[in-house]
Amino acid sequence: MSEVLKVVDVTQRFGGLVALAGIHLYIKPGEIVGIIGPNGAGKTTLFNVITGIYHPTEGKVYLEGADITSYKTHQIAKAGFARTFQNIRLFGKLSVMDNVIAGMHTCRKTNLLDAILHTKRRRREGREAQEKAESLLKLMDLWEDRHSLASALPYGHQRRLEIARALATEPKLLLLDEPAAGMNEQETLELREMVLQLKKMGLTILLIEHDMKFVMNICERIYVLNHGELIAQGTPKQVSQDQAVIEAYLGEEE
Amino acid sequence: MNKIFEFCARNTWKLLGTLLVLLAVFPFVFTSSYILRIAITVLMFIVLSLSLNLLIGYLGQMSMGHAAFWGIGAYTAAILSTKLNVSSLGTFLAAMLVAGVFGLLLGLPVLKLKGYYLTVVTLGFCEIIRLVELNWMDLTRGSLGIAGIPPLNFFGKAFKSSRSVYFIALLLVIFTVYLVHSIINSRIGLAIMAIRDDDVAAASIGIHVFVYKVMVFIIAGMLAGLAGAFYAHYISFIDPSGFTTGQSMELVILAIFGGLGSIPGAILGATILTVLPETMRALMEYRGMIYGIIIVVMMLVKPDGLLGRVNFKYIRQRLSAEKAKKQEGKSHE
Numbered sequence: 001m002s003e004v005l006k007v008v009d010v011t012q013r014f015g016g017l018v019a020l021a022g023i024h025l026y027i028k029p030g031e032i033v034g035i036i037g038p039n040g041a042g043k044t045t046l047f048n049v050i051t052g053i054y055h056p057t058e059g060k061v062y063l064e065g066a067d068i069t070s071y072k073t074h075q076i077a078k079a080g081f082a083r084t085f086q087n088i089r090l091f092g093k094l095s096v097m098d099n100v101i102a103g104m105h106t107c108r109k110t111n112l113l114d115a116i117l118h119t120k121r122r123r124r125e126g127r128e129a130q131e132k133a134e135s136l137l138k139l140m141d142l143w144e145d146r147h148s149l150a151s152a153l154p155y156g157h158q159r160r161l162e163i164a165r166a167l168a169t170e171p172k173l174l175l176l177d178e179p180a181a182g183m184n185e186q187e188t189l190e191l192r193e194m195v196l197q198l199k200k201m202g203l204t205i206l207l208i209e210h211d212m213k214f215v216m217n218i219c220e221r222i223y224v225l226n227h228g229e230l231i232a233q234g235t236p237k238q239v240s241q242d243q244a245v246i247e248a249y250l251g252e253e254e
Numbered sequence: 001m002n003k004i005f006e007f008c009a010r011n012t013w014k015l016l017g018t019l020l021v022l023l024a025v026f027p028f029v030f031t032s033s034y035i036l037r038i039a040i041t042v043l044m045f046i047v048l049s050l051s052l053n054l055l056i057g058y059l060g061q062m063s064m065g066h067a068a069f070w071g072i073g074a075y076t077a078a079i080l081s082t083k084l085n086v087s088s089l090g091t092f093l094a095a096m097l098v099a100g101v102f103g104l105l106l107g108l109p110v111l112k113l114k115g116y117y118l119t120v121v122t123l124g125f126c127e128i129i130r131l132v133e134l135n136w137m138d139l140t141r142g143s144l145g146i147a148g149i150p151p152l153n154f155f156g157k158a159f160k161s162s163r164s165v166y167f168i169a170l171l172l173v174i175f176t177v178y179l180v181h182s183i184i185n186s187r188i189g190l191a192i193m194a195i196r197d198d199d200v201a202a203a204s205i206g207i208h209v210f211v212y213k214v215m216v217f218i219i220a221g222m223l224a225g226l227a228g229a230f231y232a233h234y235i236s237f238i239d240p241s242g243f244t245t246g247q248s249m250e251l252v253i254l255a256i257f258g259g260l261g262s263i264p265g266a267i268l269g270a271t272i273l274t275v276l277p278e279t280m281r282a283l284m285e286y287r288g289m290i291y292g293i294i295i296v297v298m299m300l301v302k303p304d305g306l307l308g309r310v311n312f313k314y315i316r317q318r319l320s321a322e323k324a325k326k327q328e329g330k331s332h333e
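As given, the protein sequences belong to chains W and D, one line each in that order.
1 is the number of the first residue of the first sequence in my numbering; add one for each residue after it.
1 is the number of the first residue of the second sequence in my numbering; add one for each residue after it.
In short, the hints are calculated from the structure, not lab data.
Among the hints, erroneous ones may be present.
Result set (DSS-like, lysine-lysine): computed pairs, CA atoms no more than 30 Å apart in a straight line [claimed, not checked]:
id, chain 1, residue 1, chain 2, residue 2
1, W, LYS93, D, LYS112
2, W, LYS78, D, LYS112
3, W, LYS200, W, LYS213
4, D, LYS325, W, LYS132
5, W, LYS6, W, LYS213
6, W, LYS120, D, LYS313
7, W, LYS213, W, LYS237
8, W, LYS120, D, LYS323
9, W, LYS132, D, LYS330
10, W, LYS138, D, LYS325
11, W, LYS120, D, LYS14
12, D, LYS114, W, LYS78
13, W, LYS6, W, LYS199
14, W, LYS93, D, LYS114
15, D, LYS14, W, LYS93
16, W, LYS6, W, LYS78
17, W, LYS93, D, LYS325
18, D, LYS3, W, LYS93
19, W, LYS109, D, LYS114
20, D, LYS326, W, LYS132
21, W, LYS93, D, LYS313
22, D, LYS114, W, LYS72
Residues from chain W shown here face chain D by an in silico Cβ test under 8 Å; the list is partial [said to hold, decoys possible]:
id, residue
23, ALA77
24, ARG83
25, PHE85
26, ASP98
27, THR110
28, ALA115
Away from chain D, derived, C-beta distances all over 10 Å, residues of chain W [to be verified]:
id, residue
29, LEU17
30, VAL18
31, TYR26
32, GLY65
33, ASP67
34, ILE68
35, LYS138
36, PRO154
37, GLY156
38, LYS172
39, GLU187
40, LYS200
As the structure is a computational prediction, the values presented were derived from the model and not from experiment.
Each residue gets a CB set at the ideal place from its N, CA and C atoms; glycine is no exception.
Please model the complete structure; the sequences and the hints are all you need to start from.
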């Protein structure tokens, strides 16, 4: 019951291809956990299974003990998982501010009638959304960009905006899919600070990352995937000394 | 150009007030029934263009069947008023209801289809509706059409003069603008535009994509149905040839020409493209060609339409932020 996320024996097949084979994984509140592995290891597939984009062929996914395996993406978001995407997916024609406010969808209750009649609830929620967006944008250092269109932002800022939007859903678990991809050293460093700050705020984070330094520095535990199988898990130190991991992944990099 | 947009954004309320006064005075200055007829047509097409804009501009779903909703509204109003003597308030509401139900039906395939595939469905939908109008003789009188549709009448009072019809059309436009504006600038509108920009990301933040898509189909259908009911009473004769896929294309052109996802754009597009052919009457057969050339050139020069890239809300927010910053700077000195 204490795990925010528990993945039990998940297998995902696409036709004859086995993308994930019998994956077990858990995260406790307040942890930062990393998933690493070579390209095509099934990391993003696992994210897609957890967030309901795919439904696993076998196995179960639990959120605080509740079975969410058959939930659709929007239900999972409502239940408390928020994610970012490897290939950034922002709402390009909306402003930075509106991207974040859109993220508050499930926290707000304004319905069609409220919208048309401009009820008190609509006005109150509108004000609250502005205030909450302000604090999130300042947190992610995007306040100066708030009136730009999301599509006009520089790359690093877009990545941060995706995180801000995910945070706006008030998630129990934040899933980051290669948050540092394509960032330069300076940007990666800033991102690390931000992620650590999120942890301080009590957030639980699961992240996929290729940047080994980033993962090793930030994560408390790491899972290593290769060819859809879990080949190792443990602290960064344990994992980096694991023979199977060195062969499969770190060995290639050296 | 940016200066003009900034000016508009800064003085929205003043401009809107002025525009409303001008529109209210218009039928007293121009009393010729010819000009009023064009004005009424413009107003009706504004409603259609705005409702289609909900689908194409805000939801991002190209629809080539919008004239079907217009026709459904027109036929509902025509049948109810000729056979059952229902007053215009009743026919307007019924037209919205029936068109809304068809909007729901057309929206349901959204569960399985999106993008171009759904566009093909809308195309087929328009054709099906036209064929039903053409062949259900008992109800629609087929290609003979329905004649003698009574003029608009509300609360026992008939509105026959062009001027009074003009004001009813104006009220419909105000109603539509208010409705679309209210929805778009709310949580609902944000969800709709989020789906347009990226439906996977929209679902990932908890937006029920299916529900919102169907909702837009229903609202767009209802508004087009309303325009249809108005049209039937105004023109007094309707037949299936008015509600074809060709007519749907015309509506798509209005929406794109004005600028997708822009309320002023939809209004401007409908106005220009309705008035333009009338001003070229003297050119006779060249009219269609010039109309076509204007659209082609427009798309080459400004593919987003007149106001497709202009978001007055964002300009206003940016301006007020700049102003606040300036004041802050001054107080520091």
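Original post:
For which of the previously enumerated hints does the structure constitute a violation, in increasing order of number?
Top reply: The structure conflicts with no hint, since it agrees with every one listed earlier.
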